[in-house]
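The sequence shown begins at 330 in our numbering and counts up by one.
No lab work stands behind these hints: they were computed from the structure. All of these numbers come straight from a predicted model, not from anything done at the bench. Be aware that a few hints might be false.
[Said to hold, decoys possible] Mimicking DSS-like on lysine-lysine, the simulated pairs with C-alpha atoms at most 27 Å apart in a straight line are:
| id | residue 1 | residue 2 |
| --- | --- | --- |
| 1 | LYS460 | LYS540 |
| 2 | LYS422 | LYS370 |
| 3 | LYS350 | LYS498 |
| 4 | LYS440 | LYS354 |
| 5 | LYS414 | LYS392 |
| 6 | LYS460 | LYS354 |
| 7 | LYS556 | LYS332 |
| 8 | LYS477 | LYS334 |
| 9 | LYS460 | LYS486 |
| 10 | LYS354 | LYS370 |
| 11 | LYS370 | LYS348 |
| 12 | LYS477 | LYS540 |
| 13 | LYS351 | LYS387 |
| 14 | LYS350 | LYS460 |
| 15 | LYS540 | LYS514 |
| 16 | LYS556 | LYS334 |
| 17 | LYS387 | LYS414 |
| 18 | LYS477 | LYS498 |
| 19 | LYS506 | LYS556 |
| 20 | LYS351 | LYS370 |
| 21 | LYS332 | LYS486 |
| 22 | LYS332 | LYS477 |
| 23 | LYS351 | LYS334 |
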Amino acid sequence: MNKVKASWIISLPYAAVLKVKKGEKVTLGQVLFEGVTETEKVVAMQNQLKGLTSDFIKEINSKNNQKDFQQGDVIIESQGWFSHKITCPESGKFAGIDELLNLHLIVGSEKWRVTSPTEAVVGLITEDELKLEFMAQEYLGRGLNTTKGWVSNGFKKINTLSDINFDCKDRIILVEKMADTVRLKSEVVGVGAIIVLDENNETGDARINFKIPGLAVSREVYDELLKQVGRPDARALVNGNSGRLLLVV
330 MNKVKASWII SLPYAAVLKV KKGEKVTLGQ VLFEGVTETE KVVAMQNQLK GLTSDFIKEI
390 NSKNNQKDFQ QGDVIIESQG WFSHKITCPE SGKFAGIDEL LNLHLIVGSE KWRVTSPTEA
450 VVGLITEDEL KLEFMAQEYL GRGLNTTKGW VSNGFKKINT LSDINFDCKD RIILVEKMAD
510 TVRLKSEVVG VGAIIVLDEN NETGDARINF KIPGLAVSRE VYDELLKQVG RPDARALVNG
570 NSGRLLLVV
């Protein structure tokens, strides 16, 4: 069990708005970046738009860009001998007409944000990722799967199957022996990670197909982690792929 400097890298989506800067100390739950995801609908308009020149469509795209239209509003009024009006087939924000004469409309949007899973210092920030750096106590074991994730509600010792309940949500549970019923019930109630005593684990070196990060650890490590039971504020990064648990200190 070593104290180490650890890091957690988070991908930055396109158009994410940063709310922190390099070197800044952040707290659990602090917003790191946020953005808006737009829902686009593509409407085939070939029959309505046939005969219009590419230059005219470019003009319409420039004129109507990002304008809000209600269903039935006029979006194009062509001039000339065969002038006619083309209306919007449904409500949305005009996002353009493409070269195949499809109309693109933004019909909805959803705000989202990504928060820090722990107290940390913001490290390197690039165009596509943000690094969080933190100090942690490292516990090594044997990974039971390739899943990894943060757990923020502490540890709980499991003695019987009935101990696995909704009180275990987003917690690390400590079990002496792995069984299918343990895995299945843990997934149902939202357990954050499973730590099992390696000497009682019957899977050998095989990986187990389940969604929760899992480690098999030695008796020494298991007993050390038992000391964390009762700390509701304990936060850890559990990596089933590398066989490592990082307890934030």
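Out of the numbered hints, which ones does the structure contradict?
3, 9, 10, 11, 13, 20
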